[in-house]
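2 protein chains.
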Amino acid sequence: MTALRRLGTAVDGNFQGPAAGGMVPPSPRLLAPNGSAPRSPAASRREEAAAASGGGGPGLAPLRPTPAKPPLGSGKIQKRAGGKPRKRAPLWQAALFVSVAIHAGLFVLHPYVNSAAPPHRHHHPQEPQACLTHPEAAGSDGGRRRATQEKAWAAGAPSTGKPAVTPESVINLDHGDPTMFEEFWRGTGAAAEIVIPGWQTMSYFSDVGNVCWFLEPGLDHEVRRLHRLVGNAAVDGYHVLVGTGSTQLFMAALYALSPPAAAPMSVVSTAPYYSSYPAVTDFLQSGLFRWAGDASSFTGDTYIELVCSPNNPDGTIREAVLSSASGVAVHDLAYYWPQYTAITKRADHDIMLFTVSKSTGHAGTRIGWALVKDRDVARKMTKFIELNTIGVSKDSQLRAATVLRAVSDAYELPAAGEEHRRLFDYGRRKMAERWSMLREAAAASGIFSLPDETSGYCNFTKDMASTNPAFAWLRCDREDVEDCASFLRGHKILTRSGSQFGADPRYVRVSMLDRDDAYDIFVKRLASLK
Amino acid sequence: MTALRRLGTAVDGNFQGPAAGGMVPPSPRLLAPNGSAPRSPAASRREEAAAASGGGGPGLAPLRPTPAKPPLGSGKIQKRAGGKPRKRAPLWQAALFVSVAIHAGLFVLHPYVNSAAPPHRHHHPQEPQACLTHPEAAGSDGGRRRATQEKAWAAGAPSTGKPAVTPESVINLDHGDPTMFEEFWRGTGAAAEIVIPGWQTMSYFSDVGNVCWFLEPGLDHEVRRLHRLVGNAAVDGYHVLVGTGSTQLFMAALYALSPPAAAPMSVVSTAPYYSSYPAVTDFLQSGLFRWAGDASSFTGDTYIELVCSPNNPDGTIREAVLSSASGVAVHDLAYYWPQYTAITKRADHDIMLFTVSKSTGHAGTRIGWALVKDRDVARKMTKFIELNTIGVSKDSQLRAATVLRAVSDAYELPAAGEEHRRLFDYGRRKMAERWSMLREAAAASGIFSLPDETSGYCNFTKDMASTNPAFAWLRCDREDVEDCASFLRGHKILTRSGSQFGADPRYVRVSMLDRDDAYDIFVKRLASLK
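Keeping their order, the protein sequence lines are chains E and V. Read in order, the letters of the first sequence are residues 1 to 530 in full-length UniProt numbering. Read in order, the letters of the second sequence are residues 1 to 530 in full-length UniProt numbering.
Because the hints were derived from the structure by calculation, they are not lab data. Owing to the predicted nature of the structure, the values given are computational and were not obtained by experimental measurement. All C-beta atoms, glycine included, are put in the ideal place defined by N, C-alpha and C. Mixed in with the good hints, there may be bad ones.
As the list claims (entries may be wrong) - A short list of chain E residues far from chain V (calculated; beta carbon distances all over 10 Å): (1) VAL321; (2) ALA325; (3) SER326; (4) ARG439; (5) GLU453; (6) THR454; (7) GLU479; (8) LYS492.
Unchecked claim - Which stretches of chain V does chain E cover? Using the computed rule of at least three CB atoms under 8 Å from a CB of chain E, they are: (9) 212–220; (10) 285–298; (11) 383–389.
Take the sequences, apply the hints, and build the full model.
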């Protein structure tokens, strides 16, 4: 139980241990879209190579290979690197349910809000060494699975995300990992597939005439097109900036909006606020900006107010609560899409942030965008990204453009418009189903409460639509439970504590976007708690 | 000439203006690898769409479209967004040679080394509004070209980097944009092509059992394999970490190596040092670390020493110059590859940084990697990237893995090993040619000097190899020229001033990695200067 208690620090991010052993889906690299569509010569070559290696290569690799330098010329299908210091837990440990936790920064930051103590000092010692794993990994079957997966990786197979789950697994809904959407994209076939030849987009530069000189013009085009289609944000008169996820754009906005001053700019947001806001603001102890806590209790005139709407974690629709000539707002509209809420108006704030992670579910692609009115702010945000990462992956920009194009095409082009290809239809149906299941489970349990359901007229779908947030803001009403996250963790459900959002630890945030198998187990398990 | 003088601030990064009008290569999206190889259904669809749009779509779009919201349902091939606030320079301005400049941070930071003045205050006002353009863009031809390019972008074509050049163009060799390598990769066909279906790698997570939980295992595998092949760095006993370019990993290392302390950690490097080091260290005014200038004059005991070898800008082979129990070194080995220098030993430092930008030329992919011995340091670096960008583009990781695999395959697999597919053979031949041309040009001119040629026994190629740095560290010997960058700019050659590297402004850094056309014009122009 010590291991389980350590999960109290669970937040975003990192996973340690032999976790992947629990899951061996067929290598997606070896499956074509839809399971059967044609593939490129490169993909075919890889299949052949993987097949050819079956006899003596990585299939025979030990789970924890010993340091041994493979000879030159041993070919494309080499073993997973020998001597790699992965330090995976030995198999006997894998019989334990031990899970993760790393955004230690997030966890430990909350107590230091408005404190002079540098949060950085508290990050590192807090990082637990736990791991997420599965009972299946304990036996020889787990070993075989791991070996099979390593073989697939050595053959160039891409990763598949978190391990698959069984009814006995720890269910990790701590992160908003949007794998729910995989099912949808498996149904879109070649429309969302991208092919990148070896010589393409090798330059640092994408559009030398643009303020955001590393923005792929095709992505700029599709971002504007999609916003016009959905009607959720104004684009005329705005600059489009691309970032490595919206997190980088959030930092870029802080940098751009923090003028030279003796004291760092105060960064605030109304509680409950997204747990990353304080962590990302403070982790480098910048002299330019500093987390200053709950906007509703802030008393200064000069500030950056972060307005997340629909809000992470509780799904509420928000407006800025502060108003001052020397204050500015950054609107995080990551969840302002029809699958989550009614589109009631075309947002036209000075800085608006979006991301494919939540709009289409492509978190691994790490593409966010900002719509920015002011040219100078746009230029300074661009400068931040230039200094931080010298631009943003063009491969992912091109992929994001392709994915957004597929979304718009399904609504705008009759030939592409079969209903199963309409992302927002799929997403809204799916989210409504999940919320219905969750409300039933909470009712069956009797010890949990959820925010009331709200609805509004959606200008995109032209009908009344209920709100189906991407996170459930769940409250445990049992009087003897003061820490809901710990309580749920005791039942092998990982969530994020309300305390990390500047709120009551009787609340937790639960991701509603995981795969069906994990979500179904979660709901059943929740219903059984009394 | 005012515009030209403003170019004095030219450093890395940004380009403004209608530049792209000067170049209209065929859309690479519409060319298969090798110009004829097979393509995916998605690619074919895009070709058809692009062809179908020829009559009435973006081909008719005005160069500077007026604000007009396209109707819904206008389909996939829409015009470049109406009302977009690009503020491109009007065409008459395009007749001027006006170039770029943005890493203003880099430019202005140098004077503040070891100064208490926060460098941030000086970034923004210094950013020039200049643009890089071409005389060709001034006329109607330029307008047509821009319109054609916008049409291609609207159809999903990827960008093509900096505009093509003519003998009259401003030649921009300020950045190390490695487009020289495009030629090589056009010759590798499907071996380096990647196909990504819409549903792939959507999760935040790549390998939940790894310290670097967002690292694609296939990239880890290929990184280790390539280092074993080349023999330039030890990998056994090292963690592989991935970053959004090595710049992000550099910041991650500063974060990981700066312990809690009353004063920020001092960051130093021997002059001439890479101009980004001070800029990236100081732009957020972190309380954790602070640029402290030239390592050779540093007197403290506690520091992070940045060791770039071969060195950017001057190509010298370097070792750490400081030694102290409480000092640490970060080795930037971006250029330690056989095309640039003899591989004389297997580097085995505690932290070593690499990037595909310089090893294979894929700068737009934004993938760097670190080899890190210590597990705690690896974990803290991972934490930085988690807080900064929540991981690294999986699409680019998969592409980088594919590209590295193609490099290794060409040497290790007989079938793939035709000589034209051997990257390092190509790179060394090309670099040797260019250095020979440059030395001839400098000799013909009579007013420039270059570092002496050196050579060494290369363990990879098993022969003596001369050093062919990726940058030329060029000195102008004319007594009346105190600022070589300004002098060359007067002759429409953009370079980076020695002053930005902590060195004499009689020196400039010149990129040796641009495309043939630009390089050839540069060399001819240089030879003509007296």
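Structure-based check of all given hints:
Taking the minimum C-beta to C-beta distance to chain V, about 26 Å, the non-interface status of VAL321/E holds against the 10 Å cut. Here ALA325/E stays apart from chain V, with its beta-carbon at least about 20 Å from theirs, past the 10 Å limit. Even its closest Cβ contact with chain V, about 18 Å, leaves SER326/E beyond 10 Å, as expected for a residue assigned away from the interface. The claim that ARG439/E is not at the interface with chain V holds, since no C-beta of that chain comes within 10 Å of its own (minimum 27 Å).
At roughly 28 Å from the closest C-beta of chain V, the C-beta of GLU453/E stays outside 10 Å, upholding its exclusion from the interface. Every Cβ of chain V is farther than 10 Å from the Cβ of THR454/E; the closest lies at roughly 27 Å, confirming the non-interface assignment. Against chain V, the non-interface label of GLU479/E holds: every CB pair exceeds 10 Å, the least being about 36 Å. At the 10 Å boundary, the C-beta of LYS492/E stays outside the reach of chain V, the nearest C-beta of that chain being 16 Å off.
Counting residues of the segment 212–220 of chain V whose C-beta sits closer than 8 Å to any C-beta of chain E gives 5, which meets the bar of three, so the coverage hint holds. Note: the segment 285–298 of chain V has 4 residues with beta-carbon separation from chain E under 8 Å; the three-residue rule is met and the coverage holds. With 6 residues having a Cβ less than 8 Å from any Cβ of chain E, the segment 383–389 of chain V passes the three-residue criterion, so the hint holds.
In summary, this structure violates none of the numbered hints.
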